[in-house]
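Just so you know, the sequence shown maps onto residues 1 to 235 in full-length UniProt numbering.
Just so you know, the hints here were simulated from the structure itself, not pulled from any lab data. These numbers were taken from a predicted model, which means no experiment stands behind them. It is possible that part of the hints are untrue.
Claimed, not checked - Cut-off 25 Å, straight-line C-alpha distance, at most; resulting in silico cross-link-like pairs (PhoX-like, lysine-lysine):
#	residue 1	residue 2
1	Lys125	Lys182
2	Lys75	Lys112
3	Lys77	Lys182
4	Lys18	Lys3
5	Lys26	Lys76
6	Lys178	Lys76
7	Lys26	Lys3
8	Lys75	Lys107
9	Lys57	Lys77
10	Lys18	Lys226
11	Lys112	Lys182
12	Lys112	Lys129
13	Lys75	Lys52
14	Lys228	Lys178
15	Lys76	Lys107
16	Lys107	Lys129
17	Lys57	Lys75
18	Lys18	Lys57
19	Lys107	Lys77
20	Lys76	Lys112
21	Lys125	Lys178
22	Lys18	Lys52
23	Lys77	Lys26
24	Lys77	Lys3
25	Lys125	Lys107
Stated by the list, open to error - Pair by pair, the computed Cβ-Cβ distance ranges are:
#	residue 1	residue 2	range
26	Glu208	Lys129	42 to 48 Å
27	Lys129	Tyr11	38 to 44 Å
28	Gly6	Glu126	45 to 51 Å
29	Asp64	Gly84	27 to 33 Å
30	Asp175	Gly133	21 to 27 Å
31	Glu126	Lys226	43 to 49 Å
All residues carry an ideal CB built from backbone N, CA and C; glycine is no exception.
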Amino acid sequence: MLKIQGLNTHYGAIHALKGIDLEIHKGEVVSLIGSNGAGKSTLLSTVTGIQKASSGKVMLYDEDITNIAPYQLSKKKISISPEGREVFPDLTVLENLRIGAFSISNKGEIEKNYDRVFTLFPRLKERIKQQAGTLSGGEQQMLAVGRALMSSPELLFLDEPSLGLAPNIVLLIFDMIKEIQKQGVTILLVEQNANLALQTSNRAYVLENGLITMQGDAREIANNPKVKEAYLGIG
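With the hints as constraints, model all of the structure from the sequences given.
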């Protein structure tokens, strides 16, 4: 579905991504794990056109979308729930969700997507008229994911969805990731919580200092001694 080939990204003289090769197959959850500063968010920024690639390719099916303009992502059935949630604090839950459907003109599809989001996150329906800035951190994360789903994506990027959340809310978010996959959405999960990410994923990549150092079946990655020591806290 998505194939990244030899992707390089620079911030001035800093070589942030160094020849990244990564592939996502339709229907999978693929995790990208790594420590702070490894290049995870840079990779997402480059794939989504926020940061310009120095070289390499990003292919969606057979189409080259390298350095795509971010506003064109939804037309390609790609959506992102960004790190830090970035909801519109002065707008209501409903208004935030409606913004997520900006590329859809079919009212029936929009209503269907509202139903989908409120089924996944009943708490959002309870707070439908509430300003997003008054929601808890967990509720804002639900809203960010829900907003991303409003564009009917086939490929969803989740950037650090567990960041700063209470443990019980983290578990809820990961349960919803599994449910979204069951609905036919392919997911790239960028996540520092390596344990939960690997439990939730089909395959995984480990990113260190701008390089992919390991890839494979998520269970095999989770059982790798180096990964256990570095990311799972198991010596």
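Review point. What are the numbers of the hints that this structure violates, sorted from low to high?
Key: none
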